[in-house]
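Student: Take a look at the letters that make up each chain.
8 protein chains.
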Amino acid sequence: MTKTWNIYLSGEIHTDWREQIISGASDRGLPVIFSSPVTHHESSDDCGVAILGAEPDKFWHDHKGAQVNAIRTRTLIGQSDIVVVRFGEKYKQWNAAFDAGFASALNKPVIVMHGPDHQHALKEVDAAALAVTQTPLQVVDILDYVIKGNLAGYTQ
Amino acid sequence: MTKTWNIYLSGEIHTDWREQIISGASDRGLPVIFSSPVTHHESSDDCGVAILGAEPDKFWHDHKGAQVNAIRTRTLIGQSDIVVVRFGEKYKQWNAAFDAGFASALNKPVIVMHGPDHQHALKEVDAAALAVTQTPLQVVDILDYVIKGNLAGYTQ
Amino acid sequence: MTKTWNIYLSGEIHTDWREQIISGASDRGLPVIFSSPVTHHESSDDCGVAILGAEPDKFWHDHKGAQVNAIRTRTLIGQSDIVVVRFGEKYKQWNAAFDAGFASALNKPVIVMHGPDHQHALKEVDAAALAVTQTPLQVVDILDYVIKGNLAGYTQ
Amino acid sequence: MTKTWNIYLSGEIHTDWREQIISGASDRGLPVIFSSPVTHHESSDDCGVAILGAEPDKFWHDHKGAQVNAIRTRTLIGQSDIVVVRFGEKYKQWNAAFDAGFASALNKPVIVMHGPDHQHALKEVDAAALAVTQTPLQVVDILDYVIKGNLAGYTQ
Amino acid sequence: MTKTWNIYLSGEIHTDWREQIISGASDRGLPVIFSSPVTHHESSDDCGVAILGAEPDKFWHDHKGAQVNAIRTRTLIGQSDIVVVRFGEKYKQWNAAFDAGFASALNKPVIVMHGPDHQHALKEVDAAALAVTQTPLQVVDILDYVIKGNLAGYTQ
Amino acid sequence: MTKTWNIYLSGEIHTDWREQIISGASDRGLPVIFSSPVTHHESSDDCGVAILGAEPDKFWHDHKGAQVNAIRTRTLIGQSDIVVVRFGEKYKQWNAAFDAGFASALNKPVIVMHGPDHQHALKEVDAAALAVTQTPLQVVDILDYVIKGNLAGYTQ
Amino acid sequence: MTKTWNIYLSGEIHTDWREQIISGASDRGLPVIFSSPVTHHESSDDCGVAILGAEPDKFWHDHKGAQVNAIRTRTLIGQSDIVVVRFGEKYKQWNAAFDAGFASALNKPVIVMHGPDHQHALKEVDAAALAVTQTPLQVVDILDYVIKGNLAGYTQ
Amino acid sequence: MTKTWNIYLSGEIHTDWREQIISGASDRGLPVIFSSPVTHHESSDDCGVAILGAEPDKFWHDHKGAQVNAIRTRTLIGQSDIVVVRFGEKYKQWNAAFDAGFASALNKPVIVMHGPDHQHALKEVDAAALAVTQTPLQVVDILDYVIKGNLAGYTQ
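So the protein sequences, as listed, match chains A, B, D, Y, P, W, E and U. Counted from 1, the first sequence has number 114 at position 114 by my numbering; the numbering is strictly sequential. Counted from 1, the second sequence has number 211 at position 55 by my numbering; the numbering is strictly sequential. Counted from 1, the third sequence has number 402 at position 90 by my numbering; the numbering is strictly sequential. Counted from 1, the fourth sequence has number 509 at position 41 by my numbering; the numbering is strictly sequential. Counted from 1, the fifth sequence has number 675 at position 51 by my numbering; the numbering is strictly sequential. Counted from 1, the sixth sequence has number 865 at position 85 by my numbering; the numbering is strictly sequential. Counted from 1, the seventh sequence has number 1079 at position 143 by my numbering; the numbering is strictly sequential. Counted from 1, the eighth sequence has number 1217 at position 125 by my numbering; the numbering is strictly sequential.
Extracted from the complex, chain A is given alone in its bound form (with noise of 0.2 Å):
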């Protein structure tokens, strides 16, 4: 029985990229899990005044959110055996940069994914990362090779 890999999917949040990735590893067969944060917007905002009650501070409406939703993503980053994190065009992406330090901190191999534009600003993660990546079909890539030796070209 071989190992299956724990993959878990961070950062941006409105585009395609992760159900990218997860058709290409199942087009290859790989034995894999993935996992991620909530992507669902509106539930990752609401979650902890939703079940728990509201609050009329913002601070503590989005504070009850984060720690309900950390007890997702810190479980699945730390039971994980790579993180690929992904930088979108837009936004601040904080929760990104923390996962990857989060990341970093806990000896997990780090896959980073963004454009060109954000290589500067991101050269401390990049710097962390074992892998610089821009597109899906990258990470599927590198998952094919790590977890099963294959590489276009070479071993078929």
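Please note that a few of the clues may not be correct.
[Claimed, not checked] Cross-link-like lysine-lysine pairs, in silico, DSBU-like; alpha carbons within 30 Å at most:
1) D:K404 - B:K248
2) D:K370 - D:K402
3) E:K1028 - D:K460
[Unchecked claim] Sample of chain A residues with no beta-carbon within 10 Å of chain B, all distances over it, derived:
4) R18
5) Q20
6) R28
7) G48
8) E55
9) D57
10) G115
11) H118
Calculated directly from the structure, the hints in this document are not laboratory data. We treat Cβ as the ideally placed atom computed from N, Cα and C, and that holds for glycine.
Here the structure of chain A is known, so what remains is to put chains B, D, Y, P, W, E and U in place on it, guided by the hints.
Tutor: What follows is chains B, D, Y, P, W, E and U alone, placed relative to chain A:
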């Protein structure tokens, strides 16, 4: 194969809060395994002397039992993904607070459950938790959200 | 240069047990540094809002304060050699039990101090301790023995 | 001999917030040693190539520099008692969020500082902190309280 | 799916105490996997030289064997939930005490088994254990209680 | 259900020593899962640039590839029960020695394999190992003994 | 300022081997701090009951004492750089073997000292050590070499 | 009082690279303590047998010496802030690569030093380092920058 979450249910043993959480989680189809201390009060008090021999001094009677119980509780807390700690209306319940501290030092996400009367006295415990609840239903809702991303009114 | 021992004194803040231990240790010439939570009750309750801004909701008032106090207490417990936890006659004192659990999970030797009335209720905490005492003098005697090997009636 | 606290000051480098905290702590006579990343912007960007040789590709220019800086930053964060992370008004500041995540995973108490505009975007970072501040004076007040137990209006 | 408990049985190899525990646990239907050192005495002594080549010096003969055995024993102890250590009537059995110390430092719950004659000599080992037993039946009773909550005379 | 042992096979990639161990273990019916670095030489050298883009500078070509390989190797070493490291007749094989050091610091039992010519040069590596072998058969014999307790001439 | 080495001297308490090592190290001017268990036999046996109250049952008499001693021994072993464990000619000395196992699991370098008669019985302990000595002078020679690089006949 | 940095200098022992780094750091007034393996070649080879008794078999001669050296090297690497590993022109130097792997697994920042000829063979080691240098002066420049923030041409 999705991850199975191990949930430890610590604390008060005189109401049916554990059963409510367990049946609630079952109704939602959550992939969870619950564990808990031995909740049979007399067994828990007497297990040490019943198995290892009677003690005339109540201190050692208690000591033997508490150490045998610790074989179970520390192992299960140490292997859990989430620790839920409930403080009931009555009794000192120092073992519940001990478990909360123990789980915190192990970086386990802690969910606390207690009524509003205990809020001030439990402020240090609450401050170490990622969620402070009052009812079993809230715990089930958190598990449903954390594990499956479900949030009533949002994702359905 | 002999080792200096760091001793954290957790728990009850309404009697002078800390002062008794500190002066007892000083009389014996023990190389110890004592630390403790902030024991000024009102400061401890209000530090969060006094520094970071008022909260209309008592829960967040308490939360802010407890988290600021945790910066101190978790750091000092984590760096101590021995943790002494005293349970007084009154109040819930869940923070004391929390500290005992926290220290136990960090493998700190724990010395508990409490009167005989609390014996049964504290059995789990006692079972995790390496010594269960009733008086400050006993704690001083333990420190004197553990650190310098002194035992009245034996080594003098 | 009282404990000396090591405080790491991470984040924004374009205002004098570090100097304000350092001088404030000095005025209070706090036993602290502050450390920080190299805050000279050009040095920080170019240290890799200046010492180890030029790189025609900006990515590797940045990579070399970020890794040399990491020798300093990860070591100092790893040895600090408290990590303060400030997010300024401008720029992405992903390294600040990375440091906050890194420190959190190492169980370092984190104090965050930022203006109200960033509250929602920083909710995950704030939720991992033990204090969320807006001004250097608040950080000094926290250090004064945490280290010496001083709280203006209470203990003087 | 309930948890399967891994129980390591260390120590004396000249009586059938392991078989008694294993069959007792089987009779109770406990979800346990037992492991142990290689208990075939001659194999255990000679495994090093039999596989890796003879040694004229008995010290290196023993050294090679003990290191090969350590591959097994340290791995299994490190992955066990509970470590049972039995001291028999005869021999030095320093390896049993070594295993008890090794397991203690790894925070494994230790159950010791020995006759009353060894009580004083084993006081440090006993003091590090969570249960001190005399018979295999007591170990089975503890496992039954710890794993399933069964306690004869109480829960049936 | 008996434990499955994870065995990582590090080092030389130009002879069939891995296949010999794998088929030997299979013949014995050992419950083992073997893992290894990618042993396709060209893939291993080029995986970084093939997936992430070409580099004109050979140093960064190598760097990218080595970091992608590290995602695989550090993960598998970190999750293995035993690490076998073989040094062949030729080449520097510093990666093999690196893996041995890495595994040692993680407390993994290390089995080294090399010919007698390398004995003095490998003395530090050998001294950190629990067995020093010369042939794949010896490794299979050790696994058979460690996992099943089989030792030819003794237990059959 | 050169490093001061902390050396814990565990085991036999009936001969002057500790004094020989301490004076030998002093003669060589080694920067070392030695620590040890309390070696006053009666104090060590009775410290628990002398401080915490008498016990009619010898088991609890021993238990109390052993736990008080553990406050000292586990702390000092945990903070030492090197652990020396001596097995004398007589007695069971299971606490010495326990300490060796405890130190090994903490990755402390262990130096064992014993006569040739105990070689076979101590093979597991010896196999976990980095040096097996017979005399205090050999321990001093090792410390002199390890700390200062001195080796008689070579470096002078 | 500023932090003193502990720098371990591992690897090649036939040139004066250590002296160059040490004197360079001294010229810059850096608060550093350097440590290293014993660099006296014959002592390092013979320390085991010289202290613990001769061995007719060269393997055990080497084994004894390598284990005594490990008392020093593993302790000092484990307590260092930065590990510098130099690979010289000649010899296998597997111990240097072993140290690099050992330090990496302990999360120590590693600085590698070697000539361009070794680049491909050392790619895995380089990929685990935070800086790859060729000269002692570069190491001194890195230490000066990392510790004091000095960078020639920028900060003066």
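Student: Taking the hints in turn, state whether each one holds.
Tutor: So, going through the hints one by one against the coordinates:
{"no.": "1", "hint": "D:K404 - B:K248", "in the structure": "holds, 6 Å"}
{"no.": "2", "hint": "D:K370 - D:K402", "in the structure": "holds, 23 Å"}
{"no.": "3", "hint": "E:K1028 - D:K460", "in the structure": "holds, 26 Å"}
{"no.": "4", "hint": "R18", "in the structure": "holds, 13 Å"}
{"no.": "5", "hint": "Q20", "in the structure": "holds, 19 Å"}
{"no.": "6", "hint": "R28", "in the structure": "holds, 18 Å"}
{"no.": "7", "hint": "G48", "in the structure": "violated, 8 Å"}
{"no.": "8", "hint": "E55", "in the structure": "holds, 12 Å"}
{"no.": "9", "hint": "D57", "in the structure": "holds, 16 Å"}
{"no.": "10", "hint": "G115", "in the structure": "holds, 28 Å"}
{"no.": "11", "hint": "H118", "in the structure": "holds, 28 Å"}
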